[in-house]
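Fit chain B to the known structure of chain A by using the hints.
Going line by line, the protein sequences match chains A and B. Under this note's numbering, think of the first position of the first sequence as 1, with each following residue one higher. Under this note's numbering, think of the first position of the second sequence as 1, with each following residue one higher.
Incorrect hints may have been included.
One copy or two, it doesn't matter: identical chains are merged, so the pair holds either way.
[Stated by the list, open to error] Computed cross-link-like contacts, EDC-like style, restricted to lysine to aspartate or glutamate with a CA-CA straight-line distance of at most 16 Å:
{"no.": "1", "residue 1": "Lys-52", "residue 2": "Asp-77"}
{"no.": "2", "residue 1": "Lys-52", "residue 2": "Asp-8"}
{"no.": "3", "residue 1": "Lys-51", "residue 2": "Glu-39"}
{"no.": "4", "residue 1": "Lys-19", "residue 2": "Glu-63"}
{"no.": "5", "residue 1": "Lys-51", "residue 2": "Asp-77"}
{"no.": "6", "residue 1": "Lys-19", "residue 2": "Asp-56"}
{"no.": "7", "residue 1": "Lys-19", "residue 2": "Asp-8"}
{"no.": "8", "residue 1": "Lys-46", "residue 2": "Glu-63"}
{"no.": "9", "residue 1": "Lys-46", "residue 2": "Glu-71"}
{"no.": "10", "residue 1": "Lys-46", "residue 2": "Glu-36"}
Since the hints were made in silico from the structure, they are not lab data.
2 protein chains.
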Amino acid sequence: MHVIVVYDVPAERTSVYRKLLRRRLEHLQYSVFYGELTEGQVTAMKNDIQKKLEPDDSIVVFESSNPAAFEFSTFGDVDEPGSRFT
Amino acid sequence: MHVIVVYDVPAERTSVYRKLLRRRLEHLQYSVFYGELTEGQVTAMKNDIQKKLEPDDSIVVFESSNPAAFEFSTFGDVDEPGSRFT
Chain A
1 MHVIVVYDVP
11 AERTSVYRKL
21 LRRRLEHLQY
31 SVFYGELTEG
41 QVTAMKNDIQ
51 KKLEPDDSIV
61 VFESSNPAAF
71 EFSTFGDVDE
81 PGSRFT
Chain B
1 MHVIVVYDVP
11 AERTSVYRKL
21 LRRRLEHLQY
31 SVFYGELTEG
41 QVTAMKNDIQ
51 KKLEPDDSIV
61 VFESSNPAAF
71 EFSTFGDVDE
81 PGSRFT
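Pulled out of the complex, with its shape left as it was, chain A reads as follows (with noise of 0.2 Å):
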């Protein structure tokens, strides 16, 4: 399925989200991670999450399920979501 993760945490926790995203996502914006994943992927991912979490941390995992239903623009100076694992 299509992810988007997006964070809004303390600086000095950025890299810790940074990090763990990274293992299953693209980095497409400072705080925006897209990837297609699997559903066993997603769950993992969410528990990682849960696990580092702290109070004045913000996330949120948006989810698309079917493909066809999901679709992308892009403006400006930016690559495509996805063309990086392409």
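Just chain B, lined up with the frame of chain A:
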């Protein structure tokens, strides 16, 4: 449809996009907007982005047209996406 917009633009241009995106979406995190829009609203928003776009700006619009296939999970200190509309 469910729409997520993320931007990564030079600091002095964040206010341009914040203003533009707030017209139709909820400001979820620093550079992340979320909402449920009609196809017409998405088209209008994209036209607005195109008009404001400068070479160093980077914007990605994700769309999921099947509500049943779309879900999200939040971790930590974050409002549920959509909660500010209810």
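We went through each hint and held it up to the structure:
In this assembly of identical chains, the alpha carbons of Lys-52 and Asp-77 lie at most 16 Å apart only when taken from different copies (14 Å versus 32 Å within one copy). Proximity of Lys-52 to Asp-8 under the C-alpha cut-off of 16 Å is restricted to the intra-copy arrangement: shortest distance 14 Å within a copy versus 25 Å between copies. For the identical chains of this complex, Lys-51 and Glu-39 are neighbours neither inside a copy (19 Å) nor across copies (38 Å), given an alpha-carbon limit of 16 Å. Proximity of Lys-19 and Glu-63 under a CA criterion of 16 Å is satisfied in neither setting, with 20 Å inside one chain copy and 26 Å between copies.
For a Cα distance limit of 16 Å, the shortest separation of Lys-51 from Asp-77 across copies, 15 Å, qualifies, whereas the shortest one inside one copy, 34 Å, does not. Taking the shortest Cα distances, Lys-19 and Asp-56 never come within 16 Å of each other, neither inside one copy (18 Å) nor across copies (26 Å). Only within a single protomer do Lys-19 and Asp-8 lie at most 16 Å apart by alpha-carbon distance; the minimum there is 15 Å, versus 20 Å between protomers. Taking CA atoms no more than 16 Å apart as the test, Lys-46 paired with Glu-63 passes inside one copy only; the shortest distance there is 12 Å, against 22 Å between copies.
For a Cα distance limit of 16 Å, the shortest separation of Lys-46 from Glu-71 across copies, 14 Å, qualifies, whereas the shortest one inside one copy, 23 Å, does not. Taking CA atoms no more than 16 Å apart as the test, Lys-46 paired with Glu-36 passes inside one copy only; the shortest distance there is 15 Å, against 24 Å between copies.
Checked against the numbered hints above, the structure violates hints 3, 4 and 6; every other hint is satisfied.
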